[in-house]
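Colleague: Quick note on numbering: the sequence shown equals residues 11 to 981 in our numbering.
Hints should not be assumed to be uniformly reliable.
Claimed, not checked - List of simulated lysine to aspartate or glutamate pairs, DMTMM-like, C-alpha gap at most 20 Å:
1. 794 <-> 661
2. 558 <-> 661
3. 280 <-> 432
FYI, nobody ran anything at the bench for these hints, they're computed from the structure.
A quick note: this is a predicted structure, and the numbers were derived from the prediction, not measured.
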Amino acid sequence: MTRTLTMADRLEEALRTVMEGEIAFDDYSRHLFSRDASMYAITPLGVAFPRHAEDVAAAVEVAAELGVPVVARGAGTSLAGQTVGPGLVLDMSRHMNRIIVDAESRTALVEAGVVQDQLNKAAAVHGLMFGPDTSTSNRATIGGMIGNNSAGSGSLTFGMTIDHVRALDVVLADGSRARLEPVDDTERQRRAAADTLEGRIYRELPKLVIDNEPAIRSGMPLFWRRAGGYRLDRLVGFGRNLPFDLAKFVVGAEGTLVIATHALVDLVPKPAYTVYAVGHFDDTHSAIAATTDALSCDPHQVELMDRTILELSRQKIEYAELGNILVGDPGALLFVSFSGDNEAALVTKLEELEARWRRGGHGYHILRAVTPADQRALLKVRKSSLGLLMAAGEGTRRPLAFVEDTAVDPVHLAAYTKRFKEILDEHQLEAGFYGHCSVGCLHIRPFVDLTDPQQVVKMRTVAEAVKDLVAEYGGVNSSEHGDGLARSEFNREIFGDELYEAMRKVKRLFDPAGIMNPGKIVDAPSMTDNLRDRDALPPAPALRTTLKFEVVGGMRGAADRCMNIGLCRKAGPGVMCPSYIATREEEHATRGRANALVKALSEPDPHAALGDERLHEILDLCLMCKACKSECPMSVDMASLKAEALAHHHEIHGTPLRSRLFGSIRMLNRLGSATAPLSNAPGRIWLLRRLLDRTLGIAAARPLPVFQRVNLIRWFGRRDTVGLPAPLGTVNWLADSFTTFTEPHIGQAAIELLERAGWHVELATGGCCGRSSMSKGLLDDARKKAATLVDSLNETTVPGSPIVGCEPSCLFMLRDENTALLPDTWAATAVAARVQQVEELLVEAIDAGRLRLRTDSPFAGRRIVFHGHCHQKAEVGTAATMALLRRIPGAVVEEIDSGCCGMAGSFGFESEHYDMSLAIGEDRLFPALAAEPADTVVAATGVSCRQQIFHGAGRTAWHPVELIREALADG
11 MTRTLTMADR LEEALRTVME GEIAFDDYSR HLFSRDASMY AITPLGVAFP
61 RHAEDVAAAV EVAAELGVPV VARGAGTSLA GQTVGPGLVL DMSRHMNRII
111 VDAESRTALV EAGVVQDQLN KAAAVHGLMF GPDTSTSNRA TIGGMIGNNS
161 AGSGSLTFGM TIDHVRALDV VLADGSRARL EPVDDTERQR RAAADTLEGR
211 IYRELPKLVI DNEPAIRSGM PLFWRRAGGY RLDRLVGFGR NLPFDLAKFV
261 VGAEGTLVIA THALVDLVPK PAYTVYAVGH FDDTHSAIAA TTDALSCDPH
311 QVELMDRTIL ELSRQKIEYA ELGNILVGDP GALLFVSFSG DNEAALVTKL
361 EELEARWRRG GHGYHILRAV TPADQRALLK VRKSSLGLLM AAGEGTRRPL
411 AFVEDTAVDP VHLAAYTKRF KEILDEHQLE AGFYGHCSVG CLHIRPFVDL
461 TDPQQVVKMR TVAEAVKDLV AEYGGVNSSE HGDGLARSEF NREIFGDELY
511 EAMRKVKRLF DPAGIMNPGK IVDAPSMTDN LRDRDALPPA PALRTTLKFE
561 VVGGMRGAAD RCMNIGLCRK AGPGVMCPSY IATREEEHAT RGRANALVKA
611 LSEPDPHAAL GDERLHEILD LCLMCKACKS ECPMSVDMAS LKAEALAHHH
661 EIHGTPLRSR LFGSIRMLNR LGSATAPLSN APGRIWLLRR LLDRTLGIAA
711 ARPLPVFQRV NLIRWFGRRD TVGLPAPLGT VNWLADSFTT FTEPHIGQAA
761 IELLERAGWH VELATGGCCG RSSMSKGLLD DARKKAATLV DSLNETTVPG
811 SPIVGCEPSC LFMLRDENTA LLPDTWAATA VAARVQQVEE LLVEAIDAGR
861 LRLRTDSPFA GRRIVFHGHC HQKAEVGTAA TMALLRRIPG AVVEEIDSGC
911 CGMAGSFGFE SEHYDMSLAI GEDRLFPALA AEPADTVVAA TGVSCRQQIF
961 HGAGRTAWHP VELIREALAD G
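Kindly generate the complete structure, drawing on both the sequences and the hints.
Modeller: Structure representation (structure tokens):
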């Protein structure tokens, strides 16, 4: 019996015939692309990943023939629902990322998937940059910026994306291709003569503009910073010494008219200097009131951040540095920047602003940030305002984007914001305030629970009230985030019947069959349709978990904290997300994995769903580096989520032998040390390595650790420390499962330093912390090991005495995961509170004079570069290690932006992950080390990092305590 093909079957079959790029129609891929950074979700029929413009054209032609809607998508960071829809999603970001910069003409030809920061990096070589500066510049694509007409913080100086587009190569709704650019009337008429869809557009659109010119002039909002509707105003006056420019006309059309494949964009000179004044204010209203005086100084930008976001930044290690430079407890900050090529002149502008604010009584403190080092902490938080605000959500009560994109003339901003706040207060809604005061645009996101029908009604009521308020002040409802599903419904009322009908005619002219991202800008559904939390997310079924997830909704709630802002898709700096950086595939970003888990955990039997092989294909390349826990504003802890998912997978399918072996790493390393040097032989015999590769999947090309016969425990037991002074009391050295048996010299160096500093050192040998077992999903085993070690530390060590070590993955297991494995356990909490970095104690000792470092050490006058361990970065940061290294007299110390090394414990040893491991190292770490002179000293805190650096970069990396021990003065 022949199976009847569904529309999805027919579409998939046709696409596989005509496209070079990948096709994905499985349920998980469809779910991953059902969401963007908005409050909406619509599951598509399938997803395609075009490699070039020909693929895009072929896909659209197939979709047109079948009557299937098409949604073009970049980073999927749209806030109003522009990039979700039924039908076929085209992910333009995976492959279409080529750039050609023409410095002479100050232009760049880019494919639609090019990320803004990548374009700026290519342009910076020539002293140029792309003018619009979005907060999402490290993942937003140029195609998406064109679709939205994005602007960003520098729009006061550089305008919007529409102001920088010269020409576009596009695919039309029938799959044909066209070049859109400014043309004179002769060329327009020539193109209009063609019997094609392009020809029809050039014939009929000019008449539509002429017929509706009065409505266009009267119906378009007067305020310049707008990203809503179709930009018919850009075509008014064509032929009267003005070109007919369809390239600019389709900017901001949200992919409803054409799909851009290439863009020729203008570049602007990159200012040599930017300086900041950061005003401290008691409240948001006072900060906004200072905007007018700031604008009178001709700034580059004026940005607002309220107390809500400041308080959230203080809670995250990634942004904690900001709290150290602010004065008092500001209720709001106003960032005012000046850019140019004369630093002294810019500082004079700062002085002028400060004088104006003092005369006006604005604020209580002004912080100057002149150098990039001064600005780093400030800008990191400012660019992350959206994510930090999202982190304040709890469960399904989230700060939502539905009135967040309004803008009014800045002269009205204070009065407008006061009225806006009154609307929120009337409906008892909290909100965070941040945005671009210089252009009257504030991003205000009220907290709403979409699973509560009454709050959905309230949301709509507030949206309508704000829409009317914006009109009263002559502003715009969409100023840079577009209409999408959140605001398109109101466009008839905003533009008036006549102009709105003209826009509907534009849509039918470009897209007769209505397949191009339907339901956006015109003929839109209600803003309360397709809500993610209400319509696309059923109640979470019960699930027993070993780990305790301290969020509303348990494990699913932990995964569903992801609001898809896409920071895990960034190309750098930072660590997150190493596997995405290597693959550029959505499913290998934290966002993709979190969404996949949400799908599995929403199934009727979530335990069975966690055994799904497609799910584990998505989770497989997660290195469990924990970067997402600190760098993701929502702190999505994918390492813990993956560990729990693996545990359920093992329960269903059984535990692989290799996982059991890696989970028993302490026993294996101890055995290897006891039998050394014989135990090191397999690492040198190629046939044995090949056998390990074929039978256990341990990569033959990866060097194995070298076991030491005299391990740290043996060395420590043979020492005579009787009579050593210990005025500081007892400190406990964690004998971790790795360096204890393979690099004991690190522990030896640290212990000798601690003793010289005045500590009595006890060696904590109570067993494995459970890290290796947890990384393999052996959670019951991990819990037993954690409990044994925790009990040992509580029972055999001096109460309250510090616990230190040299391997971050083991040390911070005591501080973090053990409390999830042993929830509500006093012993685990007590141990966690005692964990410190050995670097902290050594810095204190050096500063107090208890340890003296030689001025003529081997490192004086040399450069030391430091690569931090991912878990260290995630849990406490690298400040203490950098402080220790900088205590070495005469050394020049720098922390390299090296991301993740790619080793990740057992990950880099596994045959199927070996190539990926090296690819991750090749992204930043290996090139950074290759650029260093031969006499540069390399330091790294992690055992895996040191292994990877030696194997992949051919450099020996030292633990920082080894360098301090070498630099220690005698006596």
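Colleague: Taken at face value, is the distance from the CA of residue 432 to the CA of residue 280 at most 20 Å?
Modeller: The hint is violated at about 41 Å.
Colleague: CA of residue 558 to CA of residue 661, is that 20 Å or under?
Modeller: 18 Å, holds
Colleague: Take the C-alpha atoms of residue 794 and residue 661, compute the straight-line distance between them, and say whether it is at most 20 Å.
Modeller: Status holds; Cα separation ~17 Å.
Consistency with the previously given hints fails for number 3 only.
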